[in-house]
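Please model the entire structure based on the sequences and the hints provided.
Residue numbers (this note's numbering), protein chains in the order written: chain A, 756 to 1167; chain B, 53 to 116.
Just so you know, these hints were derived from the structure itself, not from any lab.
Virtual Cβ for every residue (Gly too), placed ideally from N, Cα, C.
There could be a bad hint or two in this list.
[Said to hold, decoys possible] Beta-carbon label-pair distances, calculated as ranges:
{"no.": "1", "chain 1": "A", "residue 1": "Lys-983", "chain 2": "B", "residue 2": "Val-86", "range": "27 to 35 Å"}
{"no.": "2", "chain 1": "A", "residue 1": "Leu-851", "chain 2": "B", "residue 2": "Asp-74", "range": "34 to 42 Å"}
{"no.": "3", "chain 1": "B", "residue 1": "Glu-90", "chain 2": "A", "residue 2": "Trp-803", "range": "18 to 26 Å"}
{"no.": "4", "chain 1": "A", "residue 1": "Asp-860", "chain 2": "B", "residue 2": "Val-86", "range": "20 to 28 Å"}
{"no.": "5", "chain 1": "A", "residue 1": "Asp-804", "chain 2": "B", "residue 2": "Asn-91", "range": "33 to 41 Å"}
{"no.": "6", "chain 1": "B", "residue 1": "Asp-74", "chain 2": "A", "residue 2": "Asp-860", "range": "29 to 37 Å"}
{"no.": "7", "chain 1": "A", "residue 1": "Ala-897", "chain 2": "B", "residue 2": "Asn-91", "range": "49 to 57 Å"}
{"no.": "8", "chain 1": "B", "residue 1": "Glu-90", "chain 2": "A", "residue 2": "Lys-1101", "range": "46 to 54 Å"}
{"no.": "9", "chain 1": "A", "residue 1": "Asp-804", "chain 2": "B", "residue 2": "Asp-74", "range": "43 to 51 Å"}
{"no.": "10", "chain 1": "B", "residue 1": "Leu-96", "chain 2": "A", "residue 2": "Phe-930", "range": "35 to 43 Å"}
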Amino acid sequence: MAEADTRDAPDESLYFYQDERDAKCPFAPPPGLRALNDKGPVTRGRIWDGSTPWLVTGHAAQRAILSDPRVSSDDKRPGFPYPNRAMAETAPHHPLTIFNADGADHTRIRRMMTRPFTRPRMEALRPDIQRFTDELIDRMLAGPKPVNLVTALSLPLPSLMICALLGVPYEDHDFFQEHASFATRSDKTADDDRRASEALGGYLAGLLQKKMAEPADDVLSDFAARIKEGDLTLPEATLLSMILLIAGHETSATMITLGTALLLENPGEIARLREVEDTRDAAGAVEEILRYLTVAMFGQRRIASEDFEFEGAQIKAGDGIVVPLPAGNWDPEAFPEPEKLDLTRKANHHHAFGWGIHQCLGQQLARIELQVVYGTLYRRVPTLRLAVDRDELAFRPADALAFGISELPVTW
Amino acid sequence: MKVVVDEEKCVAAGQCVAAAMDVFDQREDDGIVVLLDENPPAELAEDVRNAAAVCPALAIRLVE
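The structure is reproduced here in structure tokens:
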């Protein structure tokens, strides 16, 4: 680590982020990434465009770098380590959002979006989440088997919840689920990306205009009121709505699907969840499964805004910085025996939702959805099992923005 | 133990409420931290330390 600046001479021996997982341990981070934890908390790595940003892999170092004011999220700065080509190509046109704003700009935008997602509000939704979960499980049990858990439960539940919160009609779910899943794909072009956001944007702008005329008790109506007050323009409100709708879908769905696949391989651990009487008791299990899977596998992307020394590395202004969250969550210093799924582990200091001011806005909704699902599904369907061999499961490619799978055939 | 919160730094992640709901709440309007008990009792000390440790914005300071 802390080698001289390698930007001019990319070193083929540097670790390539994002490489493949070990097919025998698909739920663990790629072996090469895990090996970086032995080298030290900061190293140089290579990414898809041949550039060699810093990789911050240690848990404590991730906290420090993601809280450091000398590090920026501004994706228009030259040298920014984009996750893929489409992001690199669209970045010059990205409006300011919670993802790429720093400091006071970030605070201003984030505070317009936080109201609907507070812990007390999400806790108050627990009975609704329970009802939706029970109904989806009833329907699954009444139908033929095997079923694809993704379409039976994993995707409909977060989708129903985010629609109810935002005030988006769930009947339109085929349309926006397709666009939401598109956002996390790696094989799209900048043109595909633009077409998908235009379609979704047009749809949401129409809904916002409707809410301006007939407000209801939902987030889109909140944004509509802000448009009337002059705090937001219609395009800004459309973008905020799009971010919430997309973010509310894929990641929670993946945690339900892959969490189930992971638990089915750990009979002792799933047995604990079959005994949960109050879904609040599944809280610790949720944190450990969040840590273990860290579905936001693409890593937080940053750029240094000045020169500074960090953990022995000489970071220069304009250096790209990538923070691979799975590495921090599998750092044995923070989580001894990280490869062991231990639902009794106190794991809530994990970085599955990121760290610093950009930490996930919807994390409390995700937590309660997962507490309800993990605390209900295995108790109600104690014989639940995979309907195919684990080796047949087709996970998303390593360069997808989020770890995931589109089909999990299960039976009981 | 005395708890000090920084509303300017707070990003409304809700972590403190999840960790120690008798000590922290969130403002109705924007989710910013509300301190319910500035001198929490000893039996809540561990939860409060955990709340401070998981605040992503480092907005909670403890004076032990």
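Assessment of proposed distance window 34 to 42 Å (beta carbons of Leu-851 (chain A), Asp-74 (chain B))
Distance hint for Leu-851 (chain A), Asp-74 (chain B) holds at roughly 38 Å.
Hint check for Val-86 (chain B) and Asp-860 (chain A) - Cβ pair distance inside 20 to 28 Å
The hint (20 to 28 Å, Cβ to Cβ) holds, given that Asp-860 (chain A) and Val-86 (chain B) are roughly 25 Å apart.
Hint check for Lys-1101 (chain A) and Glu-90 (chain B) - Cβ pair distance inside 46 to 54 Å:
For Glu-90 (chain B) and Lys-1101 (chain A) the Cβ distance comes to about 26 Å; the hint is violated.
Kindly confirm whether 43 to 51 Å is satisfied by the beta carbon distance between Asp-804 (chain A) and Asp-74 (chain B).
With a Cβ separation near 50 Å, Asp-804 (chain A) and Asp-74 (chain B) satisfy 43 to 51 Å, so the hint holds.
Looking only at beta-carbon atoms, does the pair Leu-96 (chain B), Phe-930 (chain A) fall within the given range of 35 to 43 Å?
47 Å, violated
Using the C-beta atoms of Asp-74 (chain B) and Asp-860 (chain A), is the stated range 29 to 37 Å upheld?
34 Å, holds
For the range 49 to 57 Å, tell me whether the beta carbons of Ala-897 (chain A) and Asn-91 (chain B) fit it or not.
Holds - the Cβ-Cβ distance for Ala-897 (chain A) and Asn-91 (chain B), about 54 Å, lies within 49 to 57 Å.
The hint says 18 to 26 Å between Glu-90 (chain B) and Trp-803 (chain A); measuring C-beta to C-beta, is that right?
Hint violated: Cβ distance 50 Å, outside 18 to 26 Å.
Taking the Cβ atom of Asp-804 (chain A) and the Cβ atom of Asn-91 (chain B), is their distance within the range 33 to 41 Å?
Once the Cβ atoms are compared, 53 Å apart, the range 33 to 41 Å for Asn-91 (chain B) and Asp-804 (chain A) is violated.
Val-86 (chain B) and Lys-983 (chain A) - C-beta distance against the hinted 27 to 35 Å
28 Å, holds
Hint check: violations occur at hints 3, 5, 8 and 10; the rest are consistent with the structure.
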